[in-house]
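Work the whole structure out from these sequences, hints included.
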Amino acid sequence: AQKVTQAQTEISVVEKEDVTLDCVYETRDTTYYLFWYKQPPSGELVFLIRRNSFDEQNEISGRYSWNFQKSTSSFNFTITASQVVDSAVYFCALSEEAGANSKLTFGKGITLSVRP
Amino acid sequence: NAGVMQNPRHLVRRRGQEARLRCSPMKGHSHVYWYRQLPEEGLKFMVYLQKENIIDESGMPKERFSAEFPKEGPSILRIQQVVRGDSAAYFCASSTTQGRYTEAFFGQGTRLTVV
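Chains as they are written, first to last, in the working numbering: chain A, 9 to 124; chain H, -19 to 95.
If you are wondering where the hints come from, they were derived from the structure by calculation, not from laboratory data.
These numbers were taken from a predicted model, which means no experiment stands behind them.
Treat each hint with caution, since some may be false.
To be verified - Straight-line distance between alpha carbons at most 27 Å, and here's what the computed DSSO-like set of lysine-lysine pairs gives:
#, chain 1, residue 1, chain 2, residue 2
1, H, 31, H, 51
2, A, 24, H, 42
3, A, 11, A, 78
4, A, 78, A, 116
5, A, 111, H, 7
6, H, 24, H, 7
7, A, 11, H, 24
8, H, 24, H, 51
9, A, 111, H, 51
10, A, 116, H, 24
11, A, 116, H, 51
12, H, 42, H, 31
13, A, 11, H, 42
14, H, 7, A, 46
15, H, 7, H, 51
16, A, 24, A, 116
17, A, 116, A, 46
18, H, 42, H, 7
19, H, 24, A, 111
20, H, 24, A, 78
21, A, 46, H, 24
22, A, 24, A, 111
23, A, 111, A, 46
24, A, 46, A, 11
25, A, 116, A, 11
26, H, 42, H, 24
27, A, 46, A, 24
28, H, 51, A, 78
29, A, 78, A, 46
What the hints assert, rightly or not - Some chain H residues well away from chain A (every beta-carbon gap over 12 Å; in silico):
#, residue
30, -14
31, -3
32, 27
33, 32
34, 41
35, 43
36, 45
37, 51
38, 58
39, 63
40, 64
Glycine included, C-beta positions come from ideal geometry on N, C-alpha and C.
What follows is the structure, encoded as structure tokens:
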């Protein structure tokens, strides 16, 4: 069975600090997909990134970066120079289905508060 | 191109009533997924549908819950005889084709409160 663990539940930082959100996953499949979603206070889910199990390259998108380490089954997310607008709940998710996004298994989420 | 539309955004039902949640996928999307988010929890998969077919309902409670995605019109998640424990946010997501490398598009969710 697949499982996603986000051990941190709440993180509070001051604006401009860097912050890393941890995600550890469990799966028996050799092919799987990892995702991060953002849920701002307004409640919608915003897709941030998808990574497949064959691609261990780290990715950077503006202030966001992701570190995928298969050896430790982790897919951590770092926000550099955090801003108040980054305040949200962040979910890591895993899919064992080929390609698309059916049957995502989500972690419980990390509530990030960025204070001015 | 409108995103995934869910309505209503907020729904209040008394115990024992029926709740109907609607999801209109993005244009061109023929796959719909429903997830439930209980308070302080992550989202849990409920059901995956294609037009007129239920593909995977392994996450659906055995009783009172049903889902459909007709040839025309939105997907409907139906909860009969609601109980307080059904209070949650229900999210719908849509995608183009299973097996394609594509991102999930989620709706804004329907927040169901059972009083």
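Is the straight-line distance between the alpha-carbon of residue 11(A) and that of residue 24(H) 27 Å or less? holds, 12 Å
Just want to verify: residue 41(H) was marked as not at the interface with chain A; is every Cβ pair farther apart than 12 Å? Given a closest Cβ separation of 16 Å, the condition holds.
Check the non-interface label on residue -3(H): least C-beta distance to chain A beyond 12 Å or not. Given that every Cβ of chain A is farther than 12 Å from that of residue -3(H), nearest at about 23 Å, it holds.
Proposed proximity, residue 7(H) with residue 24(H) (alpha carbon, max 27 Å): This hinted pair holds, its Cα atoms lying about 25 Å apart.
With 12 Å as the threshold, tell me whether residue 27(H) passes as away from chain A on beta-carbon distances. At roughly 10 Å from the nearest Cβ of chain A, residue 27(H) sits no farther out than 12 Å, so the non-interface label is violated.
Interface exclusion of residue 45(H) relative to chain A, criterion Cβ beyond 12 Å: At roughly 17 Å from the nearest Cβ of chain A, residue 45(H) sits farther out than 12 Å, so the non-interface label holds.
Hinted pair, alpha-carbon criterion (27 Å max): residue 24(H), residue 111(A). Please report holds or violated. Given that 27 Å is the threshold and the Cα spacing comes to 8 Å, the pair holds.
Keeping to a limit of 27 Å between CA atoms, is the pair of residue 46(A) and residue 11(A) held or broken? With a Cα-Cα distance of about 19 Å, the restraint between residue 46(A) and residue 11(A) holds, given a limit of 27 Å.
Are residue 116(A) and residue 11(A) close enough, with their CA atoms no more than 27 Å apart? Answer holds: residue 116(A) to residue 11(A) is near 11 Å, not above 27 Å.
Taking the minimum C-beta separation from residue 64(H) to chain A, is that value above 12 Å? Residue 64(H) clear of chain A: closest Cβ-Cβ about 21 Å, beyond 12 Å.
Does residue 51(H) lie within 27 Å of residue 31(H) when you go C-alpha to C-alpha? The given pair, whose Cα atoms are some 6 Å apart, holds under the 27 Å limit.
Keeping to a limit of 27 Å between CA atoms, is the pair of residue 111(A) and residue 7(H) held or broken? The hint holds at about 21 Å.
Consistency note: the structure conflicts with the earlier hints numbered 2, 11, 18, 22, 28, 30, 32.
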